[in-house]
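Undergrad: From just these sequences and the hints, can you work out the full model?
Here is what each chain is made of, one letter per residue.
Protein chains: 4
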Amino acid sequence: MGWNSWDCYGAAVTEDIVRANADFMAKHLKEYGWEYVVVDIQWYEPGATSHEYRRFARLETDKFGRLIPAANRFPSAADGKGFKPLADYVHSLGLKFGIHIMRGIPRQAVYDDLPIEGTKFKAGDAARFNSICYWNPDMYGVEDNEAGRAYYASILKLYASWGVDFIKCDDICRELPREEAELLMLAFAISECGRDIVLSLSPGPALLEKAELYKETANMWRITDDFWDDWRLLYAMFERAEKWSIHAGAGHYPDADMLPIGPIRQNESKKNRTKFTKDEQITMMTLWSIMRSPLMIGGDMTRFDDFTMGLVTNEGILKMLRNSRHAHKVWQKNIDETEFILWTAASAEGGLYAALFNTGDAKASCDLSLSDLEVYVPVTVTELWSGTSKEAENMLKCELPSHGAAAFYIK
Amino acid sequence: MGWNSWDCYGAAVTEDIVRANADFMAKHLKEYGWEYVVVDIQWYEPGATSHEYRRFARLETDKFGRLIPAANRFPSAADGKGFKPLADYVHSLGLKFGIHIMRGIPRQAVYDDLPIEGTKFKAGDAARFNSICYWNPDMYGVEDNEAGRAYYASILKLYASWGVDFIKCDDICRELPREEAELLMLAFAISECGRDIVLSLSPGPALLEKAELYKETANMWRITDDFWDDWRLLYAMFERAEKWSIHAGAGHYPDADMLPIGPIRQNESKKNRTKFTKDEQITMMTLWSIMRSPLMIGGDMTRFDDFTMGLVTNEGILKMLRNSRHAHKVWQKNIDETEFILWTAASAEGGLYAALFNTGDAKASCDLSLSDLEVYVPVTVTELWSGTSKEAENMLKCELPSHGAAAFYIK
Amino acid sequence: MGWNSWDCYGAAVTEDIVRANADFMAKHLKEYGWEYVVVDIQWYEPGATSHEYRRFARLETDKFGRLIPAANRFPSAADGKGFKPLADYVHSLGLKFGIHIMRGIPRQAVYDDLPIEGTKFKAGDAARFNSICYWNPDMYGVEDNEAGRAYYASILKLYASWGVDFIKCDDICRELPREEAELLMLAFAISECGRDIVLSLSPGPALLEKAELYKETANMWRITDDFWDDWRLLYAMFERAEKWSIHAGAGHYPDADMLPIGPIRQNESKKNRTKFTKDEQITMMTLWSIMRSPLMIGGDMTRFDDFTMGLVTNEGILKMLRNSRHAHKVWQKNIDETEFILWTAASAEGGLYAALFNTGDAKASCDLSLSDLEVYVPVTVTELWSGTSKEAENMLKCELPSHGAAAFYIK
Amino acid sequence: MGWNSWDCYGAAVTEDIVRANADFMAKHLKEYGWEYVVVDIQWYEPGATSHEYRRFARLETDKFGRLIPAANRFPSAADGKGFKPLADYVHSLGLKFGIHIMRGIPRQAVYDDLPIEGTKFKAGDAARFNSICYWNPDMYGVEDNEAGRAYYASILKLYASWGVDFIKCDDICRELPREEAELLMLAFAISECGRDIVLSLSPGPALLEKAELYKETANMWRITDDFWDDWRLLYAMFERAEKWSIHAGAGHYPDADMLPIGPIRQNESKKNRTKFTKDEQITMMTLWSIMRSPLMIGGDMTRFDDFTMGLVTNEGILKMLRNSRHAHKVWQKNIDETEFILWTAASAEGGLYAALFNTGDAKASCDLSLSDLEVYVPVTVTELWSGTSKEAENMLKCELPSHGAAAFYIK
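Residue numbers (the numbering used here), protein chains in the order written: chain D, 1 to 411; chain E, 1 to 411; chain U, 1 to 411; chain Y, 1 to 411.
It should be emphasised that the hints constitute simulated quantities derived from the structure, not laboratory data.
Wrong hints could be hidden among the right ones.
Stretches of chain E that chain D covers, calculated by requiring three or more beta carbons in the stretch to come under 8 Å of a beta carbon on chain D [stated by the list, open to error]:
| # | stretch |
| --- | --- |
| 1 | 113-121 |
| 2 | 209-216 |
| 3 | 257-265 |
| 4 | 328-335 |
With a straight-line Cα cutoff of 30 Å, these simulated DSS-like cross-link-like pairs (lysine-lysine) come out [as the list claims (entries may be wrong)]:
| # | chain 1 | residue 1 | chain 2 | residue 2 |
| --- | --- | --- | --- | --- |
| 5 | Y | Lys-30 | U | Lys-210 |
| 6 | U | Lys-319 | U | Lys-278 |
| 7 | E | Lys-411 | D | Lys-243 |
| 8 | E | Lys-243 | D | Lys-243 |
| 9 | U | Lys-63 | E | Lys-122 |
| 10 | E | Lys-122 | D | Lys-319 |
Ideal Cβ positions, reconstructed from N, Cα and C, are used throughout, including at glycine.
TA: Next comes the structure, spelled out in structure tokens:
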């Protein structure tokens, strides 16, 4: 559970924004379990101003070709201090600090002919000339050789010295099996760096047939391409969630991507807000929580309204996120021409969870048979968003708005 | 849970064999929950003697083109009594009676120009000339028209009058979406026939994208082509089970096919026995039970040895079959060059199940971390095949023979 | 070059229609090289009245299960005389006689349990229960066994005795490689029957990768599904022609299907005429002739108008059909937003042919560079449809109506 | 018809080798029509020594980022004179001069931040960061924008000033449709550069569905990946030739790649010679000539033996290359268990060509029916390799060694 700068500031986030959001999280959200503050892509690009990348922009690196924060955007990083001051600050708030990296080594370091730290190699010895990212110009992929391994060790050494707790590595998750060797190099470098660092893989969709590899190397992996505030993307997540749900477990989680809630796309206009309806946001939080997707806030928290604060501080929902086990879809069917989807999960505390979604275009009712959940005795049912409880036997009458959801704890 | 004649007698089973197995089940297995006695394919073919089908064999039908038991093989069916006497006998033992049918209408009825019972239609009005089964010569598919629906109603009327409790319909499960209309006609005819009849669909592999349709129309559906006593087929079932596990629920179960245990292929030689090793049979029973596959015995029960009786009367395993919920694979990985697979499930009574499989070619050990099961407190672990219990914390040391399994109840 | 009854009368053609068209051909077209008179599908179905097939209609067969003409439609076939009287009549006009057959053996013969002529086999020994035609209910495919070969020998013996010169075998051309054995059996039976019989394979599209097999077994094979009077089908033929053109040679020709010209679909209404414009018909005749497709007239010749007669009696075009060698497309490109296609061929008499097509939606001009035809010297150019000649050097100015064509002989 | 340095010297050819081969060609081969002398890849890489490319090697460019010859390998290019002195020398011999280029702009020019000649643009404005070659590290693809077009104009201006007559552009032929815009930019730049320059596209296999585009933009295009002296590659060429044969015409030719004959791979060892047998070389020359593939000698001509000289100076074969029209395969079939392939073509002088190939593993005989070539009259048949003529009617008896060929002119 944390916050990531991409949805609200793209490649253009600055230190003051990060600090303000960290302050806010510490003060208002830490008690609910929110913990990670993550700086997304191109913190090393002095001229980044949007969600786009500048053509062949000159990047900040140290003398070993390792990317370092652009001091015009992250003033505390001046004089080669890197992210250490900012990470220290975040840690002082009782939070954790994360960064985004691209798979690979800067192309610029190759043409600058820079050495790899602590070795006799040059960047060109580690770079693979024909391994590139299709949507970002910064890096070459890294060879599975001594130079390549030394490069990955050198950047992890730097990140550990800064106090990084979380790495979101991009251009790698859906690039398997081609880039499998590079994933293994990265995971090995993290395990050897001397600091506990969470590894998050991006972008999706991840490959289902590589599920075991993701579990063994990473803590979370994106099951989708970039997710934004569009119902079609949210609806499509149900199918992805269904395929991936059985792969969530201790320390490894399929990742449905950040929550585009509250003020997003702030680099375009301060007036931008999520286009999701309130019901769609409830659907999103319900699905993410029952399937145990990592929750990363995408909006600028400092200007959250009450509804949005309610979304991320509902104790029943956050408890479901922690205690849900073995979540999966029960059925998906049309009832009186409206499509409903039912999910269920066991609770680690006993009892079970159920989530019902109306994915149709109008408000609709559904008589939910408890036998569909294999409940054959009288139970107490608590709806988590409303907090209301009632006794039930055989049947649960539900009415849901279009694109809305209900989440039940049943015992 | 039941018995089916295919694995031991193919298309050649006779009434005395069915009666003897029903007697045996009633006496020795009923108390463990075994209940269904099912006569498999071509009970209407007087000359059937093997697992093969005779070229354009003349079949027994009534005057409405409905297939009826060959009286030379099922003497009690003489004089048009059909399976009623045999079903009555099975019921008298406190068991249930099932039959196999092929999708469609006999081709022979079309060329004999027979009427459809209770209608002005002829068989030719219901038959689709270009819908055939690729491995059996008996039937044409049925049109989705008034004649077709009348034909399905007419056969269900007959089966209900016989007292049939279970229908295994063949040439339909993997034929979707082409034959979807015929599945819907059949399911409708069953729902209207006035008797509770379980519907089992064959052969597999079923189509994952049609999971919701199987759940809505049938009680069980084959997730595999015919399963026999070959380790490669058993090993392949793990992947199928993984894909289908989330679709098991109240009244609808992915079906991993019959259990080829004990004396099978008896029509070829009375000496034939399953080629599975004992450990492979334990692996099979463990996987089928945790994933909640229907259990249908394939061998001739009357000559089961003690080991085989033990397989089908282990109370812990059968309890797991009943109480397992939300089963799924946890991981599949090589440990010291031996592949292990771990499954887990919640128990409806609280606590959880775990099944560990050694799919490698040699005996091997595995230190099973309880955190992989998200168990972080001291627990009591009962191994169900041996019945032994012990306290455990953090780690469970396991040693498994090649192709062997252990099943744990943890609380 | 011939006439086929399908386009004008479907499955419902009768003897008087065949005789009238044969008379017309003998009198008006024979001198131009038109020669074959072919009775298309279901001449053995007494109740055939359209282009559709009746459900499980009872067919006429002899006592060996061989299909024979329905005497109500072909009176001269009464008393078991088969097509001999009609073939004799066609021969008496100096023409040749052909029939359509379906791959396989009548399903009805299997259920009637009929013997195969001259053998101890029954129809059921030759039939393959799972080989059917998807669009016609009459036949089962034939096994590649002794019974199957005897069946094919028996029907060829019958057809040879009738005096058949041409067999169009259906449900076989695009069914390779699955039905390859049956094609070889048929070709062998023809070669052994003691009479020269042209073999035409249908329906298309034929498989390009089987070109060598078609050449070795048949005289012509359909490169397209049924062709009708629709510009989209005609336009699509250019691509098929391009792929197949190099496979035309002595005695083996890719077949672009019948010419739907003049009165067609006469079983629906006597007023029906081809929907092709005159220019489209010229395009069709030009393409078929330069690529050397067999020409089979589809319309009722007895009521051809002058334009249609002109189409099939243009001596320059028919000479191109006979003398064209190595035809192929030269280019296909947009000139001032109109697409033109240029084909060329050598002439067996020296000189070369060129055909230019305007496939655009409006009249348009094209300056045809003779160097595109690798002509670098002054030449005489004769346009075959108009019969006009002129001297040319370097360039040929052409103006073509929409969907129109010009055909040139250049020397 | 020409010579190319790749097969014998890879990326490591030097000026003296080019001059020696040009001298040889002028003296011994020019009279037979051999004309082009082409310097293949990486003439701008000072350290190139083999068929491999060095990791991120520093390349020679002018101040506008245009690649120029490495003066250590091409001494006459010193002082910015480029290939002009070498081209002048080749021209002085009555021959033509060609070079190899890679699609795109040097990556190095982007990171050196060089301007595009005559514009305000930088290399980075023309480069596409995500368009690379998979097997060579030198270039980025070029954007279809003003900067990109200016870059292509700038290099063509340079090449025209050098006197280049032939450009082999690599990494483009099989990269369609993705790189179609770049092909169009290049073709346009050539047409505007003020000099006649032949455009050859590499590597193959070209895309058949783009045949019209190749014809409109280029003079020759590779129908195969790199071709070397291996029978399997030669055998595979028959199928490619069959597909492409109809697309050979005035000024545009499918290219079966260079002829690996005589001394090849000379950068590895001066002792290396082609591994093709003599018969295989005859097969190659026969197929290339009848299908009209461009002929580019791959071996070092200065050390050709008599057999090899005979291969490239056979007047009958070279005449077939010039006069063959509409070549295509006639058939490919097994005769007494040996596969033979027959090709034919019209001759621009009248008469026809035929080529017969024995692709089997042993010497074998074939009675070639002249009717297969649609020759029905007595003819004179000249075998071009032996120069012998004889009269023939109906049949031509041929005996061919394994992997051997005969080429006939028939009139």
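Undergrad: Does D:Lys-243 sit within 30 Å of E:Lys-411, going by the straight-line distance between their CA atoms?
TA: Cα-Cα ~29 Å, so holds.
Undergrad: State whether the coverage of the stretch 328-335 of chain E by chain D holds or is violated, taking the criterion as 3 or more residues with Cβ-Cβ distances under 8 Å.
TA: Check passed, 6 qualifying residues.
Undergrad: Has the given pair, Y:Lys-30 with U:Lys-210, been kept, meaning a C-alpha gap of at most 30 Å?
TA: Given that 30 Å is the threshold and the Cα spacing comes to 44 Å, the pair is violated.
Undergrad: Would you check the hint for E:Lys-243 and D:Lys-243, treating anything up to 30 Å between C-alpha atoms as holding?
TA: Holds: E:Lys-243 and D:Lys-243 sit about 8 Å apart, inside 30 Å.
Undergrad: Is U:Lys-63 close enough to E:Lys-122, meaning Cα to Cα at most 30 Å?
TA: Measuring from Cα to Cα gives roughly 26 Å; hence the hint holds.
Undergrad: Within a Cα-Cα threshold of 30 Å, do E:Lys-122 and D:Lys-319 meet the stated pairing?
TA: 63 Å, violated
Undergrad: Is U:Lys-319 within 30 Å of U:Lys-278, Cα to Cα?
TA: 21 Å, holds
Undergrad: Examine the stretch 209-216 of chain E: at least three residues should have C-beta closer than 8 Å to a C-beta of chain D.
TA: holds (count 3)
Undergrad: Given as covered by chain D, does the stretch 113-121 of chain E meet the bar of three residues or more with CB within less than 8 Å?
TA: This one is violated; 0 residues, fewer than the three required, reach chain D with a Cβ under 8 Å.
Undergrad: Taking beta carbons only, do three or more residues of the stretch 257-265 of chain E come closer than 8 Å to chain D?
TA: violated (count 0)
Of the numbered hints stated above, those contradicted by the structure are hints 1, 3, 5, 10, listed in ascending order.
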